[in-house]
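Number of protein chains: 2
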Amino acid sequence: MKKIIKVGMLGIGNVGRGTYQALEMNHKKIAETTGLDIEIVKILNRHPEKDRGIDIPAEKYTADVDEILNDPEIDIVVELIGGIEPATEYMARALANGKSVVTANKAAIAANGKRLAALAQDNHVLLRFEAAVAGGIPILTSLTTALLSNRFSGVHGILNGTTNYILTQMSEYGKSYEDALKDAQIKGFAEADPTADVEGLDAANKLSILISLIFGVDASPAVIPTQGITTVATEDIKFAADSGFRIKLLASAREIDGKVYGNVEPVLLPVSHPLASVNNEFNAVFVSGNAVDDLMFYGRGAGPLPTGSAVLGDVIGVARKLEKDSAYDIVPQLRYDSDLEFAGEGTSKYCIRMMVPERAGILGKISTIFGEHNISVENVRQNSPYTSDGETVADLIFIVFKVEKPVLLAALEEAREAGVIKSIDNIMRVEE
Amino acid sequence: MKKIIKVGMLGIGNVGRGTYQALEMNHKKIAETTGLDIEIVKILNRHPEKDRGIDIPAEKYTADVDEILNDPEIDIVVELIGGIEPATEYMARALANGKSVVTANKAAIAANGKRLAALAQDNHVLLRFEAAVAGGIPILTSLTTALLSNRFSGVHGILNGTTNYILTQMSEYGKSYEDALKDAQIKGFAEADPTADVEGLDAANKLSILISLIFGVDASPAVIPTQGITTVATEDIKFAADSGFRIKLLASAREIDGKVYGNVEPVLLPVSHPLASVNNEFNAVFVSGNAVDDLMFYGRGAGPLPTGSAVLGDVIGVARKLEKDSAYDIVPQLRYDSDLEFAGEGTSKYCIRMMVPERAGILGKISTIFGEHNISVENVRQNSPYTSDGETVADLIFIVFKVEKPVLLAALEEAREAGVIKSIDNIMRVEE
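Respectively, the protein sequence lines represent chains A and B. The C-terminal position of the first sequence is numbered 1895 in my numbering, with every residue numbered one higher than the one before it. The C-terminal position of the second sequence is numbered 1895 in my numbering, with every residue numbered one higher than the one before it.
Treat the hints with care, since some could be wrong.
Since the list gives no way to pick out one identical chain from another, each pair is judged satisfied if it fits inside one copy or across any two copies.
What the hints assert, rightly or not - Derived pair list, reagent style EDC-like, types lysine to aspartate or glutamate, alpha-carbon separation capped at 20 Å:
1) K1638 / D1514
2) K1466 / D1529
3) K1492 / D1756
4) K1701 / D1858
5) K1722 / E1867
6) K1577 / E1804
7) K1491 / D1646
8) K1492 / D1642
9) K1492 / D1527
10) K1650 / D1585
11) K1638 / D1888
12) K1701 / E1895
13) K1868 / D1646
14) K1865 / D1529
15) K1523 / E1502
16) K1865 / E1635
17) K1865 / E1718
No wet-lab data here; the hints were simulated from the structure.
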């Protein structure tokens, strides 16, 4: 028996489209796993004439926000307008009307999270915003569920994909800041007005939310010292590289002796730090807990579908709570009921190390036997001959193209029986 | 008003001690954040005479499992004995008695998870096992909550710290397998009998659980093709390094055309893959979802406290469900109520790039002004002079030891006013 959960969505920009599309793609899987039938029933769209590049029935659109906020049928309001107002006002009205709210809006949560959270509590509804920090990366959920038993000494995040893309391009290809920014704009990683990203304001909003969750401290973006990447020059990048560092725009906070320090700033990170190899538009969050120790989450911090993944995850979380019968649901849920079947290891490229007699024609004979089994060789290397059991032998290392392992084993066995392989010493899969 | 949650713990080995210790360290924080007072009231200890190296009141110990399984006061049973039996029997009896169960036992869940999950459902209680896969890394919770809206095409995990430590030591220091294993045993990363780790059986148990959660498919460890690392030789490591690969023991599964393929095997991974730089005893799980795209979780997959963190996270999760009033709890929970205060950016090492007039004594003058402000220079570099506005100038890049940024800015301003700095072009924090 499926419970229908009705969702009203405010806004149909990039994230709105991604959320709608992710639900279309995965509606069946979500229903099978949770027993919940989630439907986006109304969408606030102030410009219905605009082509959104996605097929949504026209009757779902409304230009009147009240049709969503006042609809008694709607359980959950998803706010994807962005910006502090009118988003905050809409969320406040939804919560006051007894609807749970899911949002991706870092600016509104950083500015008004306290007020909205209190409203949610007063009205016995939920407010969730996983998508507001690091997009698809489930950092907020993890911090406040599975990792809740920790006290954290610090958090360090690459929380803005635009600036990370620019810094990576400057560092990897020696581009100037201006060229890297232009490139990011062409690729859709930077907006026409990139101020909020390149000046670090976007990252400061996200850090403000993390500081509240991790330390229980009110640090509004306005009090977080924030420096962007516009002063980072190729000289800085070069000096950093020569000195064993990478430059990253880091949003970080740490507790020392009862005080929480934090800021957003380009930082020289030692290349050995896990965050140093987070490149291009990817985000990552590194936390240090007093039980779990160092932990890093890496993934896409923006983009319609990754952000939509986080929005939908929150919608499912709220829906599960609304569904009283699922109070004893099993999370994580062991499942053995899908239509899929387990089929062993499949085909792969393989790397084989073997010992062969050192004489003319051996390589040709092995290759012939491989060929008879339809195994193609990508790469072969022979090391210097040596003596084993009074015989001159050599080690061969093959990489072969995709093959089923039993076929490979049969070919190797045939070659061994024919005396062209003395021993098969290791077989490893090659990941592509 | 705090709700007291009583926990009975089976076993007081490494993970038991870590769990107890993590709760001691963080009891206050957990209570403040959740309103839950979690108490470990009884501990099954078959060898009470053994010194466990931790201060636990003797009256908590019992040698009789029934004193825990049949105690009506106990809400949650935490199973940390390990091994399939008698752990499975104890968990089954706890569930049948209406107690929720939290376990770190991958072998028992891989072997009997289906039966235990059904028992939990029938008895309206919960079964959780976050600690069973990748220790402190919250992968199971994330997959089944925030990431639930995805269909996953694959999962790739470095799920065994022992083998990853051995392979890293072989690769970084050219050690032989035997020497690296001995080293791991001395450091406590490998057991006296390392079979379950080095033969890949431990990773196969964990992969079996991941395949159920991700694909809904029953792949018991016995049907997962499993190869350990005992055949990996220094020649393999060298060949891999020369060819742009690292060798990792990978537990992986992928869906292709309605079939799930998976195995545990040493794999040649391109060095550019995020998993390739997961070194030593660290674990990582890499998943690819159809909405969230690529995502990686990195952290400690073993050790008393990291595993205890995951166990306690599950205990808190169960406790929140038991606590009916928290049905509308706010997760993630914005908090502004801790005793901590936000104190700005604190002290850091800094990297400063500046333009200076090219004449004798400039560097000395700047250093003197730094010294007067108690700023110590770690490193300075001067680039070739050039002409700017008709004057010969040079770029200097300083790295200075820890200082408060306002102090640094004051010193720089003084130097600028004294004419020994023409412009301050960039200031960046240096992460240590």
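Now the hints, each set against the structure:
1. In the homo-oligomer, the alpha carbons of K1638 and D1514 never lie at most 20 Å apart, since the shortest distance is 35 Å inside one protomer and 61 Å across protomers.
2. Taking the closest pair of Cα atoms, K1466 and D1529 never come within 20 Å of each other, the shortest separation being 25 Å inside a single copy and 40 Å across copies.
3. Taking the shortest Cα distances, K1492 and D1756 sit within 20 Å of each other only across copies (17 Å), while inside one copy they are farther apart (34 Å).
4. When the C-alpha separation of K1701 and D1858 is checked against a cutoff of 20 Å, the pair qualifies only between copies, where the shortest distance is 13 Å, while the shortest distance within a copy is 43 Å.
5. Within a single copy, K1722 and E1867 get their C-alpha atoms only as close as 58 Å, which misses the 20 Å cut-off; across copies the closest is 15 Å, which meets it.
6. In this assembly of identical chains, K1577 and E1804 lie within 20 Å of each other by CA distance solely across copies; the values are 16 Å between and 47 Å within a copy.
7. For the homomeric pair K1491 and D1646, neither the shortest alpha-carbon distance inside one copy (38 Å) nor that between copies (50 Å) is at most 20 Å.
8. Taking the shortest alpha-carbon separations for K1492 and D1642, neither the intra-copy value of 43 Å nor the inter-copy value of 48 Å comes in at or below 20 Å.
9. Taking the closest pair of Cα atoms, K1492 and D1527 never come within 20 Å of each other, the shortest separation being 32 Å inside a single copy and 44 Å across copies.
10. Taking the closest pair of Cα atoms, K1650 and D1585 never come within 20 Å of each other, the shortest separation being 44 Å inside a single copy and 52 Å across copies.
11. Proximity of K1638 and D1888 under a CA criterion of 20 Å is satisfied inter-copy only: 18 Å between copies versus 47 Å inside one chain copy.
12. Proximity of K1701 and E1895 under a CA criterion of 20 Å is satisfied inter-copy only: 19 Å between copies versus 32 Å inside one chain copy.
13. In this assembly of identical chains, the alpha carbons of K1868 and D1646 never lie at most 20 Å apart, being 44 Å within a copy and 33 Å across copies at closest.
14. Taking identical chains as interchangeable, the C-alpha atoms of K1865 and D1529 are never at most 20 Å apart, the minima being 58 Å within one chain and 55 Å between chains.
15. When the C-alpha separation of K1523 and E1502 is checked against a cutoff of 20 Å, the pair qualifies only within one copy, where the shortest distance is 11 Å, while the shortest distance between copies is 51 Å.
16. Taking the shortest alpha-carbon separations for K1865 and E1635, neither the intra-copy value of 32 Å nor the inter-copy value of 29 Å comes in at or below 20 Å.
17. In the homo-oligomer, the alpha carbons of K1865 and E1718 lie at most 20 Å apart only across protomers (16 Å), although the nearest pairing inside one protomer, at 51 Å, exceeds that limit.
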